Each structure stands twice: as C-alpha cells, then as structure tokens.
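Enquirer: Taking the hints into account, I'd like the entire structure generated from these sequences.
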Amino acid sequence: MKLDFGLVLPSLPFLAQGILVTLQYTIISITFGFILGIILAFMKVSHVRGFQWFANAYTSIFRGTPLLVQLTLFYFAIPQLTGYRISAFEAGVLTFSLNSGAYVSEIIRAGIKAVNKGQLEAALSLGIPYPTAMRDIILPQAIKNILPALINEMIDLLKESTLISVIGEADLLRRANIIAAEKYVYFEPLIMVGLIYYVMVMALSWTAKRFERRLQRSD
Amino acid sequence: MIKTQHLSKRFHDLHVLKDISIEIPKGQVVVILGPSGSGKSTFLRSINVLEQPSTGKVVLDGTVISGQGFALDKIRQKIGMVFQHFNLFPHMTVLQNLMYAPIKLKKWSKNSSEKKALELLKRVGLTDKANVYPSKLSGGQKQRVAIARALAMEPEILLFDEPTSALDPEMVREVLDVIKSLAHTGITMVIVTHLMGFAQEVADRILFMDHGKIIEDSSPKTFFKKPETKRAKAFLEKIL
Chain A
-19 MKLDFGLVLP
-9 SLPFLAQGIL
1 VTLQYTIISI
11 TFGFILGIIL
21 AFMKVSHVRG
31 FQWFANAYTS
41 IFRGTPLLVQ
51 LTLFYFAIPQ
61 LTGYRISAFE
71 AGVLTFSLNS
81 GAYVSEIIRA
91 GIKAVNKGQL
101 EAALSLGIPY
111 PTAMRDIILP
121 QAIKNILPAL
131 INEMIDLLKE
141 STLISVIGEA
151 DLLRRANIIA
161 AEKYVYFEPL
171 IMVGLIYYVM
181 VMALSWTAKR
191 FERRLQRSD
Chain V
415 MIKTQHLSKR
425 FHDLHVLKDI
435 SIEIPKGQVV
445 VILGPSGSGK
455 STFLRSINVL
465 EQPSTGKVVL
475 DGTVISGQGF
485 ALDKIRQKIG
495 MVFQHFNLFP
505 HMTVLQNLMY
515 APIKLKKWSK
525 NSSEKKALEL
535 LKRVGLTDKA
545 NVYPSKLSGG
555 QKQRVAIARA
565 LAMEPEILLF
575 DEPTSALDPE
585 MVREVLDVIK
595 SLAHTGITMV
605 IVTHLMGFAQ
615 EVADRILFMD
625 HGKIIEDSSP
635 KTFFKKPETK
645 RAKAFLEKIL
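Top line first, the protein sequences correspond to chains A and V. Note that our numbering gives residue 155 to position 175 of the first sequence, counting from 1, and the numbers run on in steps of one. Count along the second sequence from 1, then add 414; that gives the number in our numbering.
Just so you know, these hints were derived from the structure itself, not from any lab. No experiment lies behind these values; they were computed from the predicted model shown. Incorrect hints may have been included.
One-sided excerpt, in silico: chain A residues whose CB lies under 10 Å from chain V [said to hold, decoys possible]:
id : residue
1  : N96
2  : E101
3  : A102
4  : P109
5  : Y110
6  : D199
Where is the CB? At the ideal position from N, CA and C, for every residue including glycine.
Expert: Written out as structure tokens, the structure reads:
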C-alpha cells in the first residue's frame, strides 16, 4: 500500500473552504442553541406549569429522535408543507440549533439546580427582581459548574455537523468525498479531514480550559 | 412599622405558623426565641415575604406587602436580611457584593456606591478585604460582609436568621459586636438566635415562640426573670 498526499495537495484550498462552512454552521448553531437552551432551562425551573410542560415536551421530542431524521425532515418536509424552498444551510442551522437547545437546556437546568437556594434568596432579599437575580447571580454560577458539559455539547455539535453533507452542503466531509471521487483516492483526503476536525476540537477544548481557569479565580 | 395580621403558614399538613398578629415599631430591637421547629425562622422569613403566608397579612408602613407580585421587589429594598449561611455571591469580590444591589436598584454611580461600600467595610472592620473573593474569608468575616451588604441598601428593617449558628465559636463575638453596634441606631431589627446572653443584652423585646405561636411577648427582664408560661420556663431551664 502506498500513500500519496501529493495527489490531493492541489485540492487543499478547496478543502480549506470547507473549514469555513463547518465553522459557520457550528458557531451559529452553538449560539442559537445556547440562547434557546437558557430560555428552555428557565422555563423548566419556573413555577409556571405551562412553561415546564412545554420545555419538557420539547426536550423529549428533540432528544428522543435521531438528529439525521430531524435534519432530513426539516430539509425535505418544510418545502412540501409550506412551499418555501429551504436551503441546506438554513435547514442545517435550524435543526442543529433546535436540537442543541434541547441538550443545552438539560445541562443548564442541572447547573441552576446545583446552585444553593440561598443565593436566590439573598438576591431577592436585597430587592433584586427574580429575572435579574437569575441572570446576574444564578446563571454565572451555574455556567461555571457546567462548563465541561457545555464544551462537550459544543464538540458534539462540531463533529455532528458532518451530517449536513447528507443534504448536500459542501462542508469538510463532503469536500473530502468529492476530492476522493475525482482522484480515486480515499485514504488521503479522509485522513486530512479527520486531522482538521481533530485540530478544531483540540482548539476548542484548549480555549475552554483557559476560560474555565479564568472563572476559577473566585475559588 | 411592621405588622402581621392573623398570619398563618402551612406546608401541606404541617401548620408552621398559627394566627400570629404583632406590631413592631420603628427602631425596636426584637429577639425571637424558642425551641427548634417552633416556627421562628419561618416567621422571620414571612416578614420580607420570602415565605408567602397561607392566610393573613404582612403590613409595612400601612401597605400590605404579602400576596404581592412584582411590587415586592421595591419593598424588599427596605428590608435587609442576614442569613445563617451568609449567602455571599461567590463570583463577586467583597466590594462587588456590596455594590451590586445599590448600583442595580438605587441607580447609584459606581463611584458613590464604592465610597459607601468602603465606609461600610470600615464599619465592620474589613477594609483590607475589599478586593478578595468570599471563598478567602473566614466564617465570621463572611457574616460581617453579609451584614455590610444588607446595610448597603440602607434598609429600615434588618432581619437576622440565626446569624451565628454556622460559625466557629471563636468567631461568634466579632459578629455579635457588629450586630450590637447597629442596635438602637434607628434601624428596626428582628433577630432569631439561640444565644440567650446576647438576647438579654441587645433586645428591647423578646418574642417566645412555640408550636407556631408567639406565646410570650415581653421585655427581656421579665422574660428571663419571670417567664409567664410553663413552656418558656422549661425552655429557659434547659438552656441556661
């Protein structure tokens, strides 16, 4: 067996563009997923039954069905239902955000529950309104505790973004497959893609570690 | 003046407070005594409505404050609370703990609230701890910061929920000294404690609770010398 990276080297810029596509998906989905997760988590810890019910039902559905089913459903079913021709990008970001929101909300809910009840009482007794207390006092402490779990979720999202190649988006994985099909070599492009993902994940966890250390100043 | 009218609190089958009606005039120092489980803390927590009463009312200066939703936040600014377990905000420095509420709620500038915070830290003897995080403080220091944090909002009423119960014995004194220095300065104080000597020293008035009721309401002199009820007598004999 012989490896010849020289053959795929000219396609490197083409592959590199895939990094941008993948990053774009991941960053947008993480951001929306995180915001959605916070909102759902607040619903879960609120005392309003309707909110609790909605957030729990939502989480149950998005956790209980495969991501690939959700993705293809959004991509193919939305045009059929509404007539709107959704792009692969929109379908991808929509699915990943909604899906990630469900997972993140469970992580944040656990984090909020782990913060001592006295913290909220102390804030309320000063006259701080409940929403402000949740945002300024409870959430920062919750996030600090759940940071490793949140990073895990982000890494998952980054890796699962390869699923968008199924609906035709030219992300890293799809580009590797295109190169492979053109040049009739599979090992080299795929190993390069694997390496690129690995570097991205490492960069993410390294940044997270630094952030975590910064948060530990108060310990 | 704070008033409770026929205040009752139930947790499911448990009747924790039973029909409590009292008035606490401005500036008075009230100490609540009683055996564990008599409802002292629950009663204290009803005063700033951390516990909503099941029936009855809490009235502050003529306004009914129990059963209110959002208006409660404004009222709570006037009622400070010091907790058994301090509940300092761990992600903020001592100074930030003190400045947070005044900046948020009183819209003070950063400068003036910092000045005020440092003044308060001086008052509780912790000027040198302004920029450390709570995790670096001893229990006694934490509680003194917590008192300063409550004072930063310039409350009319200060509630103390067993402020020394979580402290090592050698740190009790420093906290009691701070509390004593606040008594009779115009601020109304309601204190739940198990320290009889301290109660005798600081209180204008003793409320003795048992099984969710205030069964004795008297001056410290009367209470400690000649308690009226059998229950109070038995309690004092066990403790003193």
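Enquirer: Which hints from the list above does the structure break, by number from lowest to highest?
Expert: Structure breaks no hint.
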